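Listed in order, the protein sequences are those of chains A and B.
Counting in this note's numbering, the final residue of the first sequence is number 220, and the numbers go up one at a time with none missing.
Counting in this note's numbering, the final residue of the second sequence is number 1548, and the numbers go up one at a time with none missing.
By construction, these hints were calculated from the structure, which means they are not laboratory data.
These figures come from a predicted structure and were not determined experimentally.
Cβ atoms here follow ideal geometry from the backbone N, Cα and C, with glycine treated the same way.
Treat the hints loosely; a few may be bogus.
[Said to hold, decoys possible] These stretches of chain A come out as covered by chain B in the derived footprint (C-beta under 8 Å, 3 or more residues):
1. 33-40
2. 46-59
3. 149-161
[What the hints assert, rightly or not] Here are a few chain A residues that face chain B, going by a calculated C-beta distance under 10 Å:
4. D28
5. V30
6. E43
7. A64
8. Y137
9. P138
10. K139
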Amino acid sequence: MSQNSDLTLHQQHVHEAHAHVGEHTHRDDVGSKMGMWLFLFTEVLLFGGMFILYASYRFMYSDAFKVAAEHLDTYVGAINTIILLASSCAVVLAIVSLQKKNKRLCLGFLWFTLACGAAFMVNKYFEWGHKIEIGIYPKGPALAEMSEGEVLFFGLYYVMTGLHGLHIIIGMIFIGVIMAMIQKNKITHDNFQKLENSGLYWHLVDVIWIFLFPLFYLIH
Amino acid sequence: MANGSIAVPAGREEVVDFYKHESKHKGIMSWLLTVDHKRIGLMYLVVMIGFFLTAMTLGFFMRLEMLTPGQTLMKPQTYNTLFTLHGVIMVFLFIIPGVPAVFGNFIMPIQIGAKDVIFPRLNLLSWYLYIFGGILALISIFTGAADTGWTFYVPYSIRTTTNVSLTVFAAFVLGFSSILTGLNFVTTIHRMRAPGMTFFKMPLFVWGIYATAWIQILATPVVGITLVLVILERTLGIGVFDPALGGDPILYQHLFWIYSHPAVYIMILPAMGVVSDIIATFSKKPIFGYTPIAMSSLAIALVGYLVWGHHMFTSGMSDTSRVIFSLLTFLVAIPTGVKVFNWVASLYRGSIEITAPMLYTLCFIFVFSIGGLTGLVLGTLNTDIHLTDTYFVVAHFHYVMFGGMGLLFFASLHYWFPKMFGRMYNEKIAKLACIIFVIGFNGLYFPMFIMGYLGMPRRYYDYLPEFQTYHVIATVSSWIMISGILLMLANLLRGLRHGSTAPENPWDATTLEWTVPSPPPMENFDEIPVVTKGPYDREGLKEASLKH
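Input sequences plus hints: build the corresponding full structure.
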């Protein structure tokens, strides 16, 4: 970021801030995006702590982790991966549509994103439901029979995919709010930073899944 | 809290300060729903002093219990609860958020020539999270208070029947508040600086806040997830750390200290920024070695992120990692030394004026040097084996934390008091309180170094009779120290009501916050200033203020 452009940008805010004295609000798209990126850093670190745990326990119990991973259905995982990738693509298309002033198309893509999120959660529900049914859950009968490494695998599985699922739900709410704002023309083709931020968040949730999928489903 | 009329300099329009500014909301709501960084800063201050006094009282009773060997006035379980709550409240509600939340909020935006932080509403949300976390912590006191110590080490924190989950959740919420504040400050400092205010024209307090904010962003999430895992282990029985389920308790310690050691620098870095500002102001000369001091803040933040293992020298780690962590720990002493030497060099041939904030700051340099050097004793592998989990550690971290952040919090409070409230306090009483405090402080914590060296373990409710002399000295000194604190606060409260009106720049200081009225108007600046000089340049100060 060159100092010069920084300065001019700043003068713009000053100007804008002066336009409505008495309020502390002013628009700074670069700042808003920067704040979002910093927030995404914290999310990465939040999951980072879990990935450290996963790495340590995988190292300590590599055999048991292989055995436990057999219980997971690779096909369901793969379908969920495709769903999330498609939804991320839709978010990008939604932003481009809005930039091209096509509000209807933009909302359409966002509806598709929400549908993907919901489909992902439905899959997750059946996946978890099936495991709980056969007794693989913390303190569950089937898990009690398993070795320590497998217990840890499923402990991490539930916590990490659960936390990820929670992020999907938060992301869907985030996008839903943004959609309402687009509907009310509060987000428009020349003021779409909030939409972009929600997109960034959605991509992060997607990226985290891209790591969870191989770690739990693919490594046997 | 409203103040009397403000002295109006000749040729200047009457300014409405932010206390009297008419906003959408009236009365208490004009505070609770405010997005003004100054009001939010003050709300933090009020609540924080409340928490500080609560935790201080808990500490007072702990010391009282230690007056005689055996049971003096409470049961062992009560004592365990007391040191846990004393630690949790002091660490999470006072020391970590203290300087950034209060002075970072109130002063930093003005110092960089901004009207507010970049995300004012997020700022208010941080405050509410802080309050929410604080309330949860207080509720946990009355619903089976935790007895794990503030570190919540597993497996005990999973097994104990006390209500650890709530206390842990409180810490998690407070961490979230801290993350949002850090995020807000980093973005503010990048985006809101006045024209001409380049990074190397920022006051050193802003550098301190900047380095701190990065640690808040990068370290806090790790402890957040770790604490969530403890709650999940307790409530759902998910095995992650519990050795009974194959988990590794040492991993918990790693994850905990990956945050909690950098947190030590969250506590001290902004406070160190205050030192630079105060020393430059009261030596009446530019700070010596501006760039090294600014860079050392970043260096401390960076290296401080990599030294967490020194909390675990005795809990099971390979010799290689121990040597590496020990080496890295020594490296932190270098940027810290850079700061101390530059401060002392700034004093050299300055026209030093010993005011209350300056006195607190000088006492800080003395006390903190003791704390810092004893830290090296603990960072050395072989001496640490002897001293770990003794009173030596307790003495060390009280010297760096309370003697560091605590003293500097008081220094900042005195330094910026005129700006924040538009009133002066009684200078003589402020200095007297400082001297009483420092005498009590050393009397309280120095004997702990000796006791620790002789083998008195920390967190014990009972002790062998041969330690009693030291314990009596410490307990009596705690009374002296507390009277110093109470005198200081009483003096400030009196100043608030009866103090003389503060001028715009009572200290003849050079940074931007002293160019606006005391207390500042709602928007801080009528017109965003254009910065052309360094933060501590005294040349051109007169002309600038005349022009203004």
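Results of checking the hints against the structure:
| no. | hint | in the structure |
| --- | --- | --- |
| 1 | 33-40 | holds (count 4) |
| 2 | 46-59 | holds (count 9) |
| 3 | 149-161 | holds (count 7) |
| 4 | D28 | holds, 6 Å |
| 5 | V30 | holds, 7 Å |
| 6 | E43 | holds, 7 Å |
| 7 | A64 | holds, 9 Å |
| 8 | Y137 | holds, 9 Å |
| 9 | P138 | holds, 5 Å |
| 10 | K139 | holds, 4 Å |
In this structure, every one of the numbered hints holds.
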